[in-house]
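Visitor: Use the sequences and the hints to build the structure in full.
Heads up: the sequence lines are chains A and X, in that order. Here the working numbering runs 1449 ahead of the position in the first sequence, where the first position is 1. Here the working numbering runs 43 ahead of the position in the second sequence, where the first position is 1.
The hints are simulated quantities; they were obtained by calculation from the structure and are not laboratory data. Note that the Cβ used here is the ideal one computed from N, Cα and C, for glycine as well. Careful: at least some of the hints might be erroneous.
Claimed, not checked - Just some of the chain X residues that point at chain A, by a computed CB distance under 10 Å:
| no. | residue |
| --- | --- |
| 1 | L171 |
| 2 | F184 |
| 3 | F360 |
| 4 | L368 |
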Amino acid sequence: MGQFIQYMINGVISGSVLALIALGIVAVFKATKVVNFAHGHLILFGAYFYFTFSVVLSEAAFMPDWIRSWDPAWLQAYAGDAAMFSPKAAIASWVSDLPRILLGLIGALAANAVLALIIERLVMRPLLGQSAFAMILSTVGLIWVLEGSAGLIWTAEAEQVPALGPNFPIRFELFDQNLFLFSGSLVNLVVALLLFASLMLVLRYTRSGVAIRATAEDQSTAYAMGINVPRVFSTAWLVASTTGAVAGAILASRNGLSPAIGLFGLSVLAVVLMGGLDSFAGVLIASMLVGILSSMAQWKLGGGVAEIVPYVAVLVVILIRPHGFMGQEEIERI
Amino acid sequence: MITGHFKTDYSADEGIWSNWPKRWGLVAALIGLAIFPFMASNYALLLAGQIGIFIVAVTGLNVLIGYTGLMSLGHGAFFAVGAYTTVAIHHEWPLTFPLITLVISTVVAAAFGVLFGLPSLRVKGLYLAVATLSANFIILFLIEQDWLAEWTGGVRGTETPNAVFFGIELVSQQAKYFFIMPVMVLMLLFAQNLFRTRFGRALIAIRDKDYSAEILGIALFSYKLKSFAISAAYCGAAGSLWAYFFPAILPEDFGLNMSITLVVCLVAGGMGRTLGPIFGTILILLVPEMLKVVAAAITGGDATSQTWVSPTRDILFGLMIIGFLIFEPMGLVNIWDRFWRFMSRWPFAK
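Guide: Quick look at the structure:
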């Protein structure tokens, strides 16, 4: 029972990261009706940008010392002689990393936003109005362009990047079972869910959110009502790329930086289809489900099986419900 | 100059080689294929063999994507099934006649095609693309399992047998070329012929609008499954040839990259035409070679150039998909058509 709850918790944590990634795919699909196969590689770029700004740039010669390692007097006093791996030491080392973490996040968000705008303008805009097939294939082409460029710019080695939050083990008791988790993953969970929730609120209550929903409903009517549809498209890509950058930073700090992040993004596509392409709620449910199932598979069947869980799950789900848990059924005219 | 196709009976109308440029083009191509191995270097033969195998696979994908209008991003898996079936057969019975192995591999791949074509009953387009993508990951995962490692070699891959015809082992590139090319030509002819039959026309009707086809009395599910089976069978045959052609295979050879490469070849060549896969495959497989030449010219044969050749090739492939989709959605075949139209009407009109 203790193990079961433990793996359940791990599943929810990885499910929240899946949800954060899925968010970007759903946002782009809702606004532009394009399913972005290259979202995983957008995330890969986010991760590499985070690495570039927080590790490479912060250690550059022209950067002031406090960015590399912030060490004010009060921090030294706080850390004092805290033992290794104690919460206090972890928080102290996180605070001293904070400037470069922030630099990395801001840099990754900005760079990824620019990248997404370029992609939207050069690749997706000319294909506007083309068949779904052409749209899918052009994002498949993007996978290779992005992967190749990443290989050219950054050498493809596993690199370490600073985590978003202080990382120390937390032990606690639940139903008389001893459980533990890392505070770093807890921070990731909170960040992912906060982003997810705030985006839902933005879509529901702001002007541009309403514009996105209107465009999702009916493009030409939205045009006729004076909504700037191309700008809605750019906004959707911006949302996808910036949430993707955060997801990239989380993934890179959790598993190390490597091109495999791109492939991980592809498995999220399976999650999105499970939940239903145009439903945030469905996708959240699917993410949690896949996260928990993967974690259970890892517990009972080993790590290899866990990797293909999303693919098996999506096959089963779309055979039973072709439009996912909560996706809207497409109506076709002959 | 061709001014029209004048036909006096239905059999002429149904003919595959309806005009003399097609007939003589075929003869010239066959003669070219037959003399090529006596003039080419070993390296050129290696490339030619690879291109021949890919043409078979891409033709199979063309049946599914180009003629039936069903999307697949998982055909690398059927390629793998064909290759590993061949290896497994030779593992059990080392002296099996290669053509029998080829046929069995083809049939096994077709069976897998039916299995993973099942989602096509309920989903299409994007959903099917993801379903086949999933199939690709699942099949490769199965191949890598330990309990199959005796036949597949697991993650570390396995050595593959050479084809033995009546005591003659095909070792040299030239000998393998003469095994691959006849198979390729036969399979191309089969595909060309398929689409003037009732069955082929039914597939085209499904591509154009599936519900309308159903109203016309075409059993959607069975035809879609058969289309999946045929295209998987082509990939299985290609996989079997691949196993005979290369000394060893790895599961990761048949991953997503392979599947996407097949689609790229098809898009670049032109979907729904027999010549499309041929043009597309030749173009796509020769791009890395051209890149190597360019790299050698720039760096003077420097070994460090290797580190950027592979990413650059990826970028070029990606740009080619996007470029073809934006500027030439019908592929190279369309350029070819335009050229011949221009030639036949010259100097009167463009």
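Visitor: With reference to the structure, classify each hint as holding or not holding.
Guide: Hints, one by one, checked against the model:
no., hint, in the structure
1, L171, "holds, 9 Å"
2, F184, "holds, 5 Å"
3, F360, "holds, 5 Å"
4, L368, "holds, 5 Å"
The structure fails none of the hints (numbered hints given earlier).
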